[in-house]
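This is what each chain is made of:
Protein chains: 4
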Amino acid sequence: MIRGEEVLKHNTTESCWVIVHGQVYDVTNFLGDHPGGSTVVLRHAGKDVSEIFDPIHPKGILGETLTMKQILGPVDPASSITKASLPRTNVENTSPENKALPLSLCMNLDDLEMSACRVMSRRATTFITSGADSLASVRRNRKDWSKIIFRPRVLRNVARADMRRNILGKKSSLPFFIAPMGMAKLAHNEGELALVRGAVAKNIPYCVSGYSSIRHDELMACHKESGKGGFLFYQLYVAKSGEDATRQLIRTARNLGYEALFVTVDAPVIGKREEDERYKAELDYAARGAEEIVRTPQTTSNEAPPVLRGTHSYTLSWDDLRYIRDAWGASSGPVVIKGIQTAEDAKIAADMGFDGIYLSNHGGRQLDYAPSSIRTLLEIRRFCPEILSKVQIFLDGGIRRGTDIIKALCLGATAVGIGRPFNYGIALDGLAGCNKVTQLLSDEIETTMRLLGVTDLGQLGPEMVNCRALEEQLPTSLKSFHAEPRARI
Amino acid sequence: MIRGEEVLKHNTTESCWVIVHGQVYDVTNFLGDHPGGSTVVLRHAGKDVSEIFDPIHPKGILGETLTMKQILGPVDPASSITKASLPRTNVENTSPENKALPLSLCMNLDDLEMSACRVMSRRATTFITSGADSLASVRRNRKDWSKIIFRPRVLRNVARADMRRNILGKKSSLPFFIAPMGMAKLAHNEGELALVRGAVAKNIPYCVSGYSSIRHDELMACHKESGKGGFLFYQLYVAKSGEDATRQLIRTARNLGYEALFVTVDAPVIGKREEDERYKAELDYAARGAEEIVRTPQTTSNEAPPVLRGTHSYTLSWDDLRYIRDAWGASSGPVVIKGIQTAEDAKIAADMGFDGIYLSNHGGRQLDYAPSSIRTLLEIRRFCPEILSKVQIFLDGGIRRGTDIIKALCLGATAVGIGRPFNYGIALDGLAGCNKVTQLLSDEIETTMRLLGVTDLGQLGPEMVNCRALEEQLPTSLKSFHAEPRARI
Amino acid sequence: MIRGEEVLKHNTTESCWVIVHGQVYDVTNFLGDHPGGSTVVLRHAGKDVSEIFDPIHPKGILGETLTMKQILGPVDPASSITKASLPRTNVENTSPENKALPLSLCMNLDDLEMSACRVMSRRATTFITSGADSLASVRRNRKDWSKIIFRPRVLRNVARADMRRNILGKKSSLPFFIAPMGMAKLAHNEGELALVRGAVAKNIPYCVSGYSSIRHDELMACHKESGKGGFLFYQLYVAKSGEDATRQLIRTARNLGYEALFVTVDAPVIGKREEDERYKAELDYAARGAEEIVRTPQTTSNEAPPVLRGTHSYTLSWDDLRYIRDAWGASSGPVVIKGIQTAEDAKIAADMGFDGIYLSNHGGRQLDYAPSSIRTLLEIRRFCPEILSKVQIFLDGGIRRGTDIIKALCLGATAVGIGRPFNYGIALDGLAGCNKVTQLLSDEIETTMRLLGVTDLGQLGPEMVNCRALEEQLPTSLKSFHAEPRARI
Amino acid sequence: MIRGEEVLKHNTTESCWVIVHGQVYDVTNFLGDHPGGSTVVLRHAGKDVSEIFDPIHPKGILGETLTMKQILGPVDPASSITKASLPRTNVENTSPENKALPLSLCMNLDDLEMSACRVMSRRATTFITSGADSLASVRRNRKDWSKIIFRPRVLRNVARADMRRNILGKKSSLPFFIAPMGMAKLAHNEGELALVRGAVAKNIPYCVSGYSSIRHDELMACHKESGKGGFLFYQLYVAKSGEDATRQLIRTARNLGYEALFVTVDAPVIGKREEDERYKAELDYAARGAEEIVRTPQTTSNEAPPVLRGTHSYTLSWDDLRYIRDAWGASSGPVVIKGIQTAEDAKIAADMGFDGIYLSNHGGRQLDYAPSSIRTLLEIRRFCPEILSKVQIFLDGGIRRGTDIIKALCLGATAVGIGRPFNYGIALDGLAGCNKVTQLLSDEIETTMRLLGVTDLGQLGPEMVNCRALEEQLPTSLKSFHAEPRARI
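Protein chains in written order, with UniProt numbering: chain B, 1 to 489; chain P, 1 to 489; chain L, 1 to 489; chain A, 1 to 489.
Hint data in this document are derived by calculation from the structure and do not stem from the laboratory.
None of these values were measured; they are calculated from a predicted model.
There's no promise every hint is true.
Said to hold, decoys possible - Reference excerpt, derived from the structure (chain L facing chain A, CB under 8 Å, subset only):
| id | residue |
| --- | --- |
| 1 | N29 |
| 2 | R153 |
| 3 | R156 |
| 4 | T448 |
What the hints assert, rightly or not - In silico DSSO-like links for lysine-lysine, alpha-carbon gap of 30 Å or less:
| id | chain 1 | residue 1 | chain 2 | residue 2 |
| --- | --- | --- | --- | --- |
| 5 | B | K479 | A | K390 |
| 6 | A | K479 | L | K147 |
| 7 | L | K479 | P | K479 |
| 8 | A | K143 | B | K479 |
| 9 | P | K147 | L | K143 |
| 10 | L | K390 | A | K479 |
| 11 | B | K9 | B | K47 |
| 12 | B | K170 | B | K9 |
| 13 | A | K147 | L | K147 |
| 14 | L | K143 | A | K390 |
| 15 | L | K47 | L | K59 |
What the hints assert, rightly or not - To spell it out: a stretch of chain P is covered by chain B in this simulated footprint if at least three of its residues, at any positions, have a beta carbon under 8 Å from a beta carbon of chain B; those stretches are:
| id | region |
| --- | --- |
| 16 | 308-316 |
| 17 | 363-371 |
We put the CB at the ideal spot given by N, CA and C, even for glycine.
Same shape as in the complex, but just chain B (with noise of 0.2 Å):
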């Protein structure tokens, strides 16, 4: 048994110690490898890390990343053991205005954000919202939403609103899904768990991040024990160790029964993400003072050169989707890239075979200034608009009304993807809030059909809607368009 005060000396990137229930860990030789950076693990290296561990890592995870010589043992309970903490705000804050509304008086989902901000911790709070740097991604993603205006049709029989749609050939009730946001036991407890049973209760698709804070074998177990409906994709972060580590990744989710593989690629380093970067900088300002802390570039234990905030692959091109194509194999399941921002990336994932594409600038927290999906949609319908019938067409962000999403559909997109507020659902009440969010926009899309005068999606088109805004800011031609052919994979 090691004594708590030994464990405490291990605080350098020369030797970092941490102790995890119980057990101590030596991750000095994973320092570079971590994905939030090594500076987070640093600032807490030496203590019992357990209550700021288990909120974003899956429980088992050390035991399976460190190799046997760096799980050093238990450390002795009756030794000083120096526990990490972090400052914890709102949650125990009791005036009135800063409980929870309950979910019954929430009529959309800004009350549900609004209330669910007045009960998370900062911490979570902070990692949910932040965008990159001025956050003109993040607003743009909301506003062009609403420079769109419907043209909705009158006397037609509308007894009927069928809200099924055909997702990657399975036959979800709604056309949408929950989107990949990692760690979601910050907003809740229950984490992922929550949100895998909320996609089986309302039979919609969920695509796991491969950031889940539950293992993935759990995820499943949770799918199966739930009863029919629901369904589950993955969505990698291509690793920076390399082709095997991502191999192995893929491998684990098609064994475990992923049914579809999203292969992210608009994160070759994390964004800016300054409300994140100032909370981890106020931490390190309260613990050590005003000394600058210069930022590192992220190394890795293998030969590539480090990287300021590259916490994945920074090396993933197209010709490497052919390896991960392989490594899901060719029947089990589609394969979706997610991340594409222009037309000509859209052009290009089409023409290689891919079963779906799906537009998204990772809800604003990547590229600031990046062009919102709906934007890229409209490129598309311009300068490629034969693709929106070879493949399935996926976007997110800022959607937050069923208005939105009858928007993305009546222009091409198969079915969006619905990401923060299934947190702030899960973060007010776990699975009731997580149905609460489904509840209220497919309440929202029934009703926005029959006043549009459709009783099926497949009755939306463009002339349902009105783009002049948007379109008269779209590029008027693109010369590099045709520039890239690519083999089909």
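Assemble chains P, L and A onto chain B, guided by the hints.
Positioned in the frame of chain B, the structure of chains P, L and A alone reads:
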């Protein structure tokens, strides 16, 4: 005589009784047909609901709607009767800021609105002001008027300013009418009676809502008593209980002497009016706590499937207009289609031979992100200008100024409807408030005419307005335009 | 001598007396001709109105306007005389925030406005700042200037910066003039006298309002006494009492020596200036309580029909300009048409041979949603650019900066009028404040010229401004354009 | 030795003495040549001005500027010496909100600005932040960057992110430089020395202002001592005292070793910087009360006429560039024309053969409503794209983000200048603050490059940005475009 304690036990969907003015009614079988949904009835089931019932229902309506078997007899006044009540807000507020402005200090309709909202109950304010979803339609309705600039001509003899307008064959003194809004008793005890008297006083039309809170025969009697002037039109909500019920409504209206029939076509379901729903949710929450109330689709006593927010007929189609036209009769006066929002539907209605089309998004209360009526009018000018000479065109939504009215007339409208402001007017002072609304608009129209250099509304034309800001946002082409020719009725 | 108690009884439309400086006048028959309407007179009927009367009327005007029979003789000073008074606001306020800034700390015209509004009476502030209806014209007037961007040229020798401008044949030191605004005594005791002196001091023109609160002969005398420099023009409001009265006004102006005649054509009726009307309504309310006062159309002593807000001639037409031109005389100096708001009317006026056209929406005080004068100028450039070389073009509305003035000149204006700011200037410090306004603008013009690379106003041209933002909002065609040729006068 | 009492008497334009560091100077004849105008000198005439003088003047400058006759000798320290002082605001403020943020908590340049403004004196804040007239240029400078949207490409190997840029033949580590801003000692005691050290530390260019508050020879010495890296350019303000003085300035700069000459052409006079002028007016008001101080045009000791705000040469023309080019010498390094604001002038400068053109409106400090530099760059792309391959293009104004810099480079800029932020940086912590500015921008550029899919600045191109919003506001044609061919120098 039935004891109050007994009535109170009947408070479920299995057996639902209520007391109105001393009479006990069994409304169990009627729950699915209640236009406001069953939830609102169940909320007060078993109680004396007279106080809540009165402001929104015509006198005697229960007796007419229910069968003899459902009228259970008088309640025992000596027994313990539970009175249902609503929280009343604002109305007793006596702080100086919350007093109504005297009418003489209201310089425009915005002053009237601000003043009325100080004195109306929350129930009334909520119902009158609310709009769909995010209020985008409500806001755009008002803003679009402000995007039009005048092109005034000078040095014309404007001693005369003739504001008379032929509206559906009637000689109105002014080019606007009182638009249909339900349940005027919410705003003022006299309710629709004050509006009838106001229409007579100023010799303008009043299109009475199908949801009048005063019986239509009383309104007609009032009209006759009030002297010469004014015209009453009837706004039809097509009943979901079927064609027979609808024919009955139409025949009644015709027999009472309504001079035109306005068929509402933009309300197959009721829009998601969030402030309305929030108000109801807060009542439920106050009564029953946090327990989530699942919104159940509204069912009906006939075989139609239940439909969310399905208050009226959700099967109404162009073909049904034929029986409606028949029921009204060829010689009973004009028929107008109310709720047209696209050039396509305007053309269909005009080609079918209706007398008027009414461009409206229902005051922003139905579909969010609907086009404003002035946008639809500009669409008509671009894509089917020929109909401007075939039908009279009416429109409403966001009109608060004489300048708004003149702009609509310049672009081809025959007359415009004014809704909420008349409610604010009567809320402040019954007939006097109603007349104030008319007077303010009349005064603004007259001065605007002279400053534009016109002496007669017939001189107004598109060359007197600059609409570039709106024209740039119209669709550039309508592919679906000639797809739906229909036979004349 | 008449006793005050007796006078007080004459307070109705049947018999309306007032006391001014000890003299009793019977103004009953004059009520319909009072330019401010009869209501304002009746409000103070029977009282000594000297204090209210003085700031807005030239001395001795009652004696000139009324017949001998209407001048009833002196009031008995020993009797009980009721003094009419107005509530005075702000002016006694001594809290630090409400003190005027010293002129030396006013860096621009906005500073002057803010400072003046701290010290003027509410009556003055209301009259000077008010605008039509919703203030859309007032706001657009200012905002449109900000939409024009300069295209400055560098590396030009700018030692010289010649700001002189030929205005209607006079050599003005600067390319702007004091625009007509009535009743300057409201702002400062010296009223229009301070403005005459300011025009002389800086050698610029001053176009005196027909509603001068100082007698025109006094102004002319002041001009002669004040030394060389400055030019006085006369702004004509055509009288509603008929051609004879108008000819008389013109002859008087000509005989006094005014050097140009500006005929106001945008005021057939007065605009609905709501703050003005609110102020009057509040006075009535304070005096008479909530009783609604019905606004009666203004009548006149001749046979013309009564017209709402009909202060001046509302029959004035292009044909009437002939007698106006005649009354002024061919050799009496130029005639300018003031209040042109469309290219069509600009072309008519130019084709008729007038010397100048004055683009103006009356400072946003007449028609709401009127085009700003810069929009009208751009219309002229697009649809009838040939008139730019035939007439001098003046404009006003929202000009607060030297940059605004330079923009107008680049686009073809000869000179611009500055109105409200000169009122703010004199409100702060009479002649010194007037000169401060001129100095600030002169200073800004001079610096702007050099930074644009010009040394002479003649070098300014359309290539030095980028007006795309406004040009995109002009009408694309004017169908009615060549419809109204008229003979030259 | 001269007694302080005697000095104090010399406080007029007839005889104006000041004391600086114990020495008495007669500056009477220099008043007209003082770059800041004579008023500011007269305000403190007769007093010891050392404290005010130091932050904005290089050491020893008086001795160099004045003749021996004007250096009157030492003041008697035992006599009564009146010290001139300025009110100091903010700087002693110790309330928590007014403390600077530690650098480690500044996440972006806006944080640095906000923090610096909490600690700088009002004099410094005013000088650094102020802009021309209404601040329209200042605001548009920033806003225009936000109108450009990226078009990011995915799936490119971005392990590398090479930010190096060839700037005027020098290999800079980053594509930006420290733009010239005068009087850096106002922000921090080390003034320009901290900026030189910062340029060396990060190996970027620094273009030193002609108004350096540190002697140019000291800066050069500092550069040499600071080790390898960084480049110093010289910003020339052409002297109004004539060609000889200008030649002297240039020769000195060349001999000291400045590596490029930037000729300022947008400042024939100083812009009307109202906050600056307000600050001075308040000082005068505090000293002398409400007495209006007439702004007198600045005169010079030679025969040129006095010119309002005429601090530098106001006769500078394209032809004068010839002698400037000569004085600098053909082999002394590149010459850049700074302050170009139109395509026309850009083309002239390029055709004349200069090495670079610097698009700038002087940080919005000169002409109000000037085009932003990005608009001028877009004009060049539209009307004379051929010059993009002939000269290096620099620009500045409103750049606060790495994304702004990448946008400029996509559209053809070689590098951009960063001005005010470096002042904020040194105000907070001298060299460390300067380095923080560079580090933040470098970090943002690097992450933006990778998220755009580029590894080298040379891969940036116009296809990576969507500029529709700005392109729609460019002039559609330039009639004057080919009017001014000039010979190559």
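Each hint tested on the structure:
Nearest Cβ of chain A to the Cβ of N29 of chain L: about 50 Å, over the 8 Å cut. The hint is violated. The criterion of a C-beta within 8 Å of any C-beta in chain A is met by R153 of chain L, whose closest approach is roughly 6 Å, and the hint holds. With its C-beta approaching chain A no nearer than about 6 Å, R156 of chain L sits inside the 8 Å limit, and its interface hint holds. At about 7 Å, the closest approach between the beta carbon of T448 of chain L and any beta carbon in chain A falls short of 8 Å, and the interface hint on this residue holds.
With a C-alpha separation of about 23 Å, the suggested pair K479 of chain B and K390 of chain A falls inside the 30 Å cut-off, and the hint holds. Distance hint between K479 of chain A and K147 of chain L is fulfilled; the C-alpha atoms sit about 21 Å from each other, no more than 30 Å. At most 30 Å may separate the alpha-carbon atoms for a hinted pair to count; K479 of chain L and K479 of chain P meet this at roughly 28 Å. Using a Cα cut-off of 30 Å, the hinted pair K143 of chain A and K479 of chain B holds, with the two alpha carbons roughly 27 Å apart.
Restraint check for K147 of chain P and K143 of chain L: the C-alpha separation of about 14 Å stays at or below 30 Å, so the hint holds. Our distance criterion of 30 Å between C-alpha atoms is met by K390 of chain L and K479 of chain A, whose separation comes to about 23 Å. For the hint linking K9 of chain B to K47 of chain B, the alpha-carbon distance of about 9 Å falls within 30 Å, and the restraint holds. Between K170 of chain B and K9 of chain B the alpha-carbon distance is near 54 Å, which puts this suggested pair outside the 30 Å criterion.
Of the supplied pair hints, the one linking K147 of chain A and K147 of chain L holds, its CA atoms being roughly 16 Å apart against a limit of 30 Å. For the given pair, K143 of chain L sits about 40 Å from K390 of chain A by alpha-carbon distance, which is inconsistent with the 30 Å threshold. A C-alpha spacing of about 19 Å is found between K47 of chain L and K59 of chain L, which places the hinted pair at or below 30 Å, so the restraint holds. Counting residues of the region 308-316 of chain P whose C-beta lies closer than 8 Å to any C-beta of chain B gives 5; at least three are required, and the coverage claim holds.
Check result for the region 363-371 of chain P against chain B: holds, 6 residues qualifying (beta carbon to beta carbon below 8 Å, three or more required).
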